[in-house]
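Number of protein chains: 2
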Amino acid sequence: FIGFWENVQDVTFKAYQMGLSDPRKIIFSAKMGLALMLISILIFMKEPIKGLSSHSVWAILTVVVVFEFSIGATLSKGLNRGIGTLSAGGLALATAELSRLAGEWEEVFIIFSIFTIGFFATYAKLYPTMKPYEYGFRVFLLTYCFVMVSGYRTREFIGIAVNRFLLIALGAGVGLGVNICIYPIWAGEDLHNLVTKNFMGVATSLEGCVNGYLNCVEYERIPSKILTYQASDDPLYSGYRAAVESTSQEDALMGFAIWEPPHGPYRSFKYPWKSYVNVSGALRHCAFMIMALHGCVLSEIQASAERRQVFRRELQKVGTEGAKVLRELGNKVKRMEKLGPDDILHQVHEAAEELQDKVDKKSYLFVNSEDWEIGNRAKDQDLLSVDDNHNTIVLEHKSRSEAVLDLRSVNMPQSWDSNDMKKPMPSIVSSNVYQKQISWPSRVSFTADAVPQVEESKTYESASALSLATFTSLLIEFVARLQNVVVEFEALSEIAKFKEPVESPAAQ
Amino acid sequence: FIGFWENVQDVTFKAYQMGLSDPRKIIFSAKMGLALMLISILIFMKEPIKGLSSHSVWAILTVVVVFEFSIGATLSKGLNRGIGTLSAGGLALATAELSRLAGEWEEVFIIFSIFTIGFFATYAKLYPTMKPYEYGFRVFLLTYCFVMVSGYRTREFIGIAVNRFLLIALGAGVGLGVNICIYPIWAGEDLHNLVTKNFMGVATSLEGCVNGYLNCVEYERIPSKILTYQASDDPLYSGYRAAVESTSQEDALMGFAIWEPPHGPYRSFKYPWKSYVNVSGALRHCAFMIMALHGCVLSEIQASAERRQVFRRELQKVGTEGAKVLRELGNKVKRMEKLGPDDILHQVHEAAEELQDKVDKKSYLFVNSEDWEIGNRAKDQDLLSVDDNHNTIVLEHKSRSEAVLDLRSVNMPQSWDSNDMKKPMPSIVSSNVYQKQISWPSRVSFTADAVPQVEESKTYESASALSLATFTSLLIEFVARLQNVVVEFEALSEIAKFKEPVESPAAQ
Chain A
179 FIGFWENVQD
189 VTFKAYQMGL
199 SDPRKIIFSA
209 KMGLALMLIS
219 ILIFMKEPIK
229 GLSSHSVWAI
239 LTVVVVFEFS
249 IGATLSKGLN
259 RGIGTLSAGG
269 LALATAELSR
279 LAGEWEEVFI
289 IFSIFTIGFF
299 ATYAKLYPTM
309 KPYEYGFRVF
319 LLTYCFVMVS
329 GYRTREFIGI
339 AVNRFLLIAL
349 GAGVGLGVNI
359 CIYPIWAGED
369 LHNLVTKNFM
379 GVATSLEGCV
389 NGYLNCVEYE
399 RIPSKILTYQ
409 ASDDPLYSGY
419 RAAVESTSQE
429 DALMGFAIWE
439 PPHGPYRSFK
449 YPWKSYVNVS
459 GALRHCAFMI
469 MALHGCVLSE
479 IQASAERRQV
489 FRRELQKVGT
499 EGAKVLRELG
509 NKVKRMEKLG
519 PDDILHQVHE
529 AAEELQDKVD
539 KKSYLFVNSE
549 DWEIGNRAKD
559 QDLLSVDDNH
569 NTIVLEHKSR
579 SEAVLDLRSV
589 NMPQSWDSND
599 MKKPMPSIVS
609 SNVYQKQISW
619 PSRVSFTADA
629 VPQVEESKTY
639 ESASALSLAT
649 FTSLLIEFVA
659 RLQNVVVEFE
669 ALSEIAKFKE
679 PVESPAAQ
Chain B
179 FIGFWENVQD
189 VTFKAYQMGL
199 SDPRKIIFSA
209 KMGLALMLIS
219 ILIFMKEPIK
229 GLSSHSVWAI
239 LTVVVVFEFS
249 IGATLSKGLN
259 RGIGTLSAGG
269 LALATAELSR
279 LAGEWEEVFI
289 IFSIFTIGFF
299 ATYAKLYPTM
309 KPYEYGFRVF
319 LLTYCFVMVS
329 GYRTREFIGI
339 AVNRFLLIAL
349 GAGVGLGVNI
359 CIYPIWAGED
369 LHNLVTKNFM
379 GVATSLEGCV
389 NGYLNCVEYE
399 RIPSKILTYQ
409 ASDDPLYSGY
419 RAAVESTSQE
429 DALMGFAIWE
439 PPHGPYRSFK
449 YPWKSYVNVS
459 GALRHCAFMI
469 MALHGCVLSE
479 IQASAERRQV
489 FRRELQKVGT
499 EGAKVLRELG
509 NKVKRMEKLG
519 PDDILHQVHE
529 AAEELQDKVD
539 KKSYLFVNSE
549 DWEIGNRAKD
559 QDLLSVDDNH
569 NTIVLEHKSR
579 SEAVLDLRSV
589 NMPQSWDSND
599 MKKPMPSIVS
609 SNVYQKQISW
619 PSRVSFTADA
629 VPQVEESKTY
639 ESASALSLAT
649 FTSLLIEFVA
659 RLQNVVVEFE
669 ALSEIAKFKE
679 PVESPAAQ
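Protein sequences, first through last, are from chains A and B. Per my numbering, the first sequence runs over residues 179 to 686. Per my numbering, the second sequence runs over residues 179 to 686.
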């Protein structure tokens, strides 16, 4: 009993929290209750009109079915239902007239027509572009069969069709009236907020990635949810994942939003919802770069902390400026403002140029020269000491010790653990802080003696420094892709007639 | 009239093609027609039993609603409907008994109970984890209201509830019988095929990316659909996009598949469909790397063709071997076979090592040494001539001419085109075959004189060579991530009891 009581408390708490985080859900539920109450009262009142009342189920059915969360969805479902009912009713009446001509074969004719209509309507429904009208087809089939079957029995085809239609109209009227007139919930607004939220999420992820990379955040065990692309708590991950995953949600919301009449700040017919989706798509194109950056953070092969520090200031600046641009754009979308006269990308481009400049001067840090066919350059030890940031870091002597390879230890079946590759390799145990285990199990487990292992680990070491180059150039590519987001945003702000920006004191 | 005729022809052709590509759709439509026909015949036959027949709509409604494409969806909807109806019926009967106690307030009590039930059922429906049961809640509401309203009118609460239930059971029986007994369509099979298809798609994209990169495929104009992440015809793009986008489809199919009884090759209760989704998720984690590789192909900043050629053989081999592994795994999933005793990753790891080896020896090609603070190395001209591939390519003298920057000319609003940055920059017009226009418009358009522009283009040139390093290290990261796919596949093959592989003659 105590368990049950705790369960109830738990459910109540969760329900309360849901209401707190989105009060629209409470309002919507109350609206639903209200609509059902109204339709019941109407049916009670109409008791004298026997004919209508005995099929009252249609009115209730319509209210229950048509009552969707957003106005767009409600309207689109209502229209589907209306067109489906009307066309099926018309077709059924015509077929019924025809069937009289069939004489004694009337029954066979009706049954056969049901099969034919059922076949074609279902087949048409399966065509991909027909998906939004799926519900209409269902209603069509239902109405057709119902009118044919009950009509044949009672010989009142027209009566049944008209009766049904009146009740459906009544139900639709009550449903639409309550849903639209009392605190309407707009799909377009949801779409607008979703796009804004995506901007913020990507910005957070970008900052998180750059900071994580610079602070050498290491995933002890990478959550297997990330490896199999499932939702996870990691804020860095969930930020861009939400943006990447929102495609289908956006498409659904857009599908509803185009049904909605002009309202609130969206004051034109044919409001360009498609452009919002485009902006979000361009943002997604950027988010894939963040995803690749996150891949560098997760990666098995990592550059040494010292080398990362050399580029710290520049990387950090690009990250911060990039996130600033994203947040700024997100806010512009939210407030529906055009871009100001200043180039929003100016600072992030400047930061990217500084980074590029630094890369130009220090790109020897990306490569290991020991095996160059054209002969070695200066010893590695000298490299890191040439540093203009005054935070000179002495490389910890072993030029190859930065080979930070880790054993990806997620979801490993037992058979892996029993292999011998988990024991530390003598050749790569170094003084490095990020001492890890080797990660290229395949060859190692097959060549069971020590010498090839050493050869092995040597080979993959040079990749470690390259990973810094990868991070840098992905970041620069991210900045390049920002351009595209700005272009799409400008297109949106033109078509959707965003207002001119208010001169804020912060602007120069 | 001719236009109409052409339209008809067009639709017929499309419908015919849909039937050809997936004959199951034709069969399903015929099944739907058959089920509707059967239920109509049953209703005709039952004419003597007046009570049942006058509410025949419930039987038809149930067939129309429950008849879903896959068995899993049909069963889950049927169960939703059953539970919703039964619980609502029970609750309604109880409330009706209670309402008698209310005496003259009976009507008010009923109306109030409808509001309360409507509110709570709708609120519960909105809770995220309740989403699969959405339909059940709808049916619950509908039944409750219907029983209360018509029961109050006719005073036959129990009669109505039983009547409804019998007709729904009849409809459900016909629907389920036809759908399951005649050529059943399984969601599990769809999921299985989807996973296989994703493997093939990613493999094709991988090969396409590597080949495209080596052959210096240039997108004259990047389709704006790619920039805003929409479906596009580009086969290279659609391959990985399908794998990335299939999350929601997989989740839906899995949600249905778990309802399906053991059948065909899936012979155990609680078949591990979740593991298929995990394999696909791990594959998606790889696909993101392909996406990043494709980003390199699309990128504005490109390495020169000559430098790419140096790594041609190694890159090609990794691409080919990687695709081979993916196809092999895809086929294993398809045929439901375990991995053989040989290490499937052996060859791709070997290829990656060769690539890494080459990188070790030639990493000077990734960087431009001119601006190094530690002093220049040998002149760039010497670099490319040191080549062990016997396809020595003479670098076209200007070491900086590989700065291939292109103006991303998609969706540019007119305002961009009027800027002065489109005129060719004197400093970067080179003898390079991939002569393009500069792409960093921001600064250029602000500093309108020529000198800063030269500075500018210099700065971004060194990124061009780095882009080769990025491509290489992303490819290596891809190989590392393959490991994870193999691990997930092995987990799947264990839990799902895949059969031992047949010794093929090709195996050593």
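Rather than coming from a laboratory, the hints here were simulated on the basis of the structure. Any given hint might turn out to be false.
It does not matter which identical chain is meant; a pair holds if it fits inside one copy or across any two.
[As the list claims (entries may be wrong)] Derived DSSO-like pairs: lysine-lysine, alpha-carbon spacing no greater than 27 Å straight-line:
hint: 1; residue 1: K203; residue 2: K403
hint: 2; residue 1: K675; residue 2: K375
hint: 3; residue 1: K375; residue 2: K203
hint: 4; residue 1: K403; residue 2: K512
hint: 5; residue 1: K675; residue 2: K203
hint: 6; residue 1: K192; residue 2: K203
hint: 7; residue 1: K539; residue 2: K512
hint: 8; residue 1: K448; residue 2: K536
hint: 9; residue 1: K192; residue 2: K536
hint: 10; residue 1: K495; residue 2: K403
hint: 11; residue 1: K495; residue 2: K448
hint: 12; residue 1: K403; residue 2: K452
hint: 13; residue 1: K512; residue 2: K495
hint: 14; residue 1: K403; residue 2: K675
hint: 15; residue 1: K375; residue 2: K403
hint: 16; residue 1: K309; residue 2: K675
hint: 17; residue 1: K512; residue 2: K536
hint: 18; residue 1: K539; residue 2: K375
hint: 19; residue 1: K203; residue 2: K677
hint: 20; residue 1: K192; residue 2: K516
hint: 21; residue 1: K309; residue 2: K495
hint: 22; residue 1: K309; residue 2: K192
hint: 23; residue 1: K403; residue 2: K448
hint: 24; residue 1: K675; residue 2: K452
Check your understanding: Among the hints numbered above, which are violated by the structure, and what are their numbers in rising order?
Key -> 1, 5, 7, 8, 9, 10, 11, 16, 17, 18, 19, 20 and 21
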